[in-house]
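With these hints in hand, go ahead and build the complete structure from the sequences.
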Amino acid sequence: MSADFLATLVKMALALGLLLNVVPVMVWVERRGSAFIQDRPGPNRLGPLGLFQALADAAKFVFKEDVTPTAADVPLYLAAPVLALLPALTTFSVVPFGPDLQVGSHLIHLVVADADAGVLLFLALASLGVYGVVMAGYASNNKFSLLGSIRASAQLISYELALTLSVVAVVIPVGSFRLADIVAYQRAHIWNFLPQFLGFMVFLVASFAETNRLPFDLPEAESELIAGFHTEYSAMRFATFFMAEYIAMTSLSALGVTLYFGGWSLPGVDLSGWTGAIVGLAVLVAKVAVCLGIYVWVRWSFPRFRYDQLMRLGWKVLLPIAIFNLILVAALTIAGKL
Amino acid sequence: METAVFLLFAFLAVASAGVVVAHKNPVYATMGLVLTLFSTAVLFVLLGAPFIATLQILVYAGAIVVLFLFVLMLLNITREETPQPGQPVQRWAAILAAAVFSGMAGMLLWRSYGQASQQPLTEQLVSLKGLAGDLFAEYLLPFEIVGLLLLVAVIAATVLARRPDTDELNATSQERKP
Numbered sequence: 134m135s136a137d138f139l140a141t142l143v144k145m146a147l148a149l150g151l152l153l154n155v156v157p158v159m160v161w162v163e164r165r166g167s168a169f170i171q172d173r174p175g176p177n178r179l180g181p182l183g184l185f186q187a188l189a190d191a192a193k194f195v196f197k198e199d200v201t202p203t204a205a206d207v208p209l210y211l212a213a214p215v216l217a218l219l220p221a222l223t224t225f226s227v228v229p230f231g232p233d234l235q236v237g238s239h240l241i242h243l244v245v246a247d248a249d250a251g252v253l254l255f256l257a258l259a260s261l262g263v264y265g266v267v268m269a270g271y272a273s274n275n276k277f278s279l280l281g282s283i284r285a286s287a288q289l290i291s292y293e294l295a296l297t298l299s300v301v302a303v304v305i306p307v308g309s310f311r312l313a314d315i316v317a318y319q320r321a322h323i324w325n326f327l328p329q330f331l332g333f334m335v336f337l338v339a340s341f342a343e344t345n346r347l348p349f350d351l352p353e354a355e356s357e358l359i360a361g362f363h364t365e366y367s368a369m370r371f372a373t374f375f376m377a378e379y380i381a382m383t384s385l386s387a388l389g390v391t392l393y394f395g396g397w398s399l400p401g402v403d404l405s406g407w408t409g410a411i412v413g414l415a416v417l418v419a420k421v422a423v424c425l426g427i428y429v430w431v432r433w434s435f436p437r438f439r440y441d442q443l444m445r446l447g448w449k450v451l452l453p454i455a456i457f458n459l460i461l462v463a464a465l466t467i468a469g470k471l
Numbered sequence: 021m022e023t024a025v026f027l028l029f030a031f032l033a034v035a036s037a038g039v040v041v042a043h044k045n046p047v048y049a050t051m052g053l054v055l056t057l058f059s060t061a062v063l064f065v066l067l068g069a070p071f072i073a074t075l076q077i078l079v080y081a082g083a084i085v086v087l088f089l090f091v092l093m094l095l096n097i098t099r100e101e102t103p104q105p106g107q108p109v110q111r112w113a114a115i116l117a118a119a120v121f122s123g124m125a126g127m128l129l130w131r132s133y134g135q136a137s138q139q140p141l142t143e144q145l146v147s148l149k150g151l152a153g154d155l156f157a158e159y160l161l162p163f164e165i166v167g168l169l170l171l172v173a174v175i176a177a178t179v180l181a182r183r184p185d186t187d188e189l190n191a192t193s194q195e196r197k198p
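Chains as they are written, first to last, in my numbering: chain S, 134 to 471; chain R, 21 to 198.
With a cut-off of at most 30 Å between alpha-carbon atoms, the simulated DSS-like pairs for lysine-lysine come out as follows:
hint, chain 1, residue 1, chain 2, residue 2
1, R, Lys44, S, Lys276
2, S, Lys276, S, Lys197
3, R, Lys149, S, Lys144
Derived list of chain R stretches under chain S, where covered just means 3 residues or more per stretch with a C-beta under 8 Å from a C-beta of chain S:
hint, region
4, 72-81
5, 85-91
Read the hints as simulated data drawn from the structure, not as lab findings. These numbers were taken from a predicted model, which means no experiment stands behind them. Even for Gly, the Cβ is constructed at its ideal location relative to N, Cα and C.
Have a look at this one:
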């Protein structure tokens, strides 16, 4: 077994471990955060600050009965949660989480897949996540589920356009699709969210829609569709959809902070070697944690959009802004101002 | 290792393409198409063209096939779509089309045998920069024409799907009244 292969395995294990542990923490943050915003205590009995509530929830999901509806399309019904989880888990692999590390004679890039077209690979893998949602709705053989997945497919395609265009605007001045280069560019210049503020706002709004979070959680709108695409799911399969949602949020946040907030780097701090690697990872985790906090904050502060409002916002507001931003950035780059 | 990956995904691509053609449930056929596109993307990666692989997933698997599914679900499909009784002419047309296609492919291979265009693609050629150079410098005009074609198609689709104005609606409803 070569050293590079071993290093890749270690990096994969690290990324996977981090992502899977985000879920119970986020469940706790979501429940306590919503309680704080709504001025009630929230789950506070199990462990300090109710921290062990997430463990109890997980145990409950494992031991509950896993029901498959008689009229369901069984193979697709069983595969759908996995289809939703897999893209969420893989997208993080292109996000760098530290400076290059010199171990013996090997130079190790602290990113699982140092892909040439890293940003595009992220978007490509993320765009496969919709199949889990759509298959769940179709295979459940339930009107509400089907309505949820029809909404999901239209919503994700609409907002993917705005999201991708805002990301492309970041790539233009950097001149590379590799996320490590984008971090290096921001270390040499300034965090992208200042010169790219318009694109950042589009990215932020579109990322809420891409992850099916309020105010855009139309695919699972409780007040109209019971629970939307996952109405028929129970026990661990239901929990898998939950995990997919939280992990997709985490990965997209990691992409967002890498594109607009310098990723693992800190301005004015020279990070290198082992300390640099550890501090870099901690900085990235901290930045992503702030983003996830904003997700929770927004979810419990805004009402849900109506479907026509959602489509109007996506096509008539976000898309034109994203195109305008793209042309603006391209023009400024040619003029040498960026 | 590489051979094993190639064999696995080549088999997956062919098998899932078979599902696309043969499965009676259109949703399964569509999911088969996703798997075909994904497997061919992996084959592109093995050929040293990760950018083309990424685009294949991003554009085809990630967007266009989702639209297929969207339309299928709106059409309220039944589980088992039985084919309509075929016309005998269809079979002959299919055989003719297959013959023309394989003839063209064969001729292409025959003509280019030993020529420069049959040389394997280099990493340089299929990289992001190489592709961009070809598309936006050497083949700029065809590229722009394809863009124009897509624009025309979009406008045509919008015109076809446009809701008629209220005036037109009134006119047609009055016509229908005896």
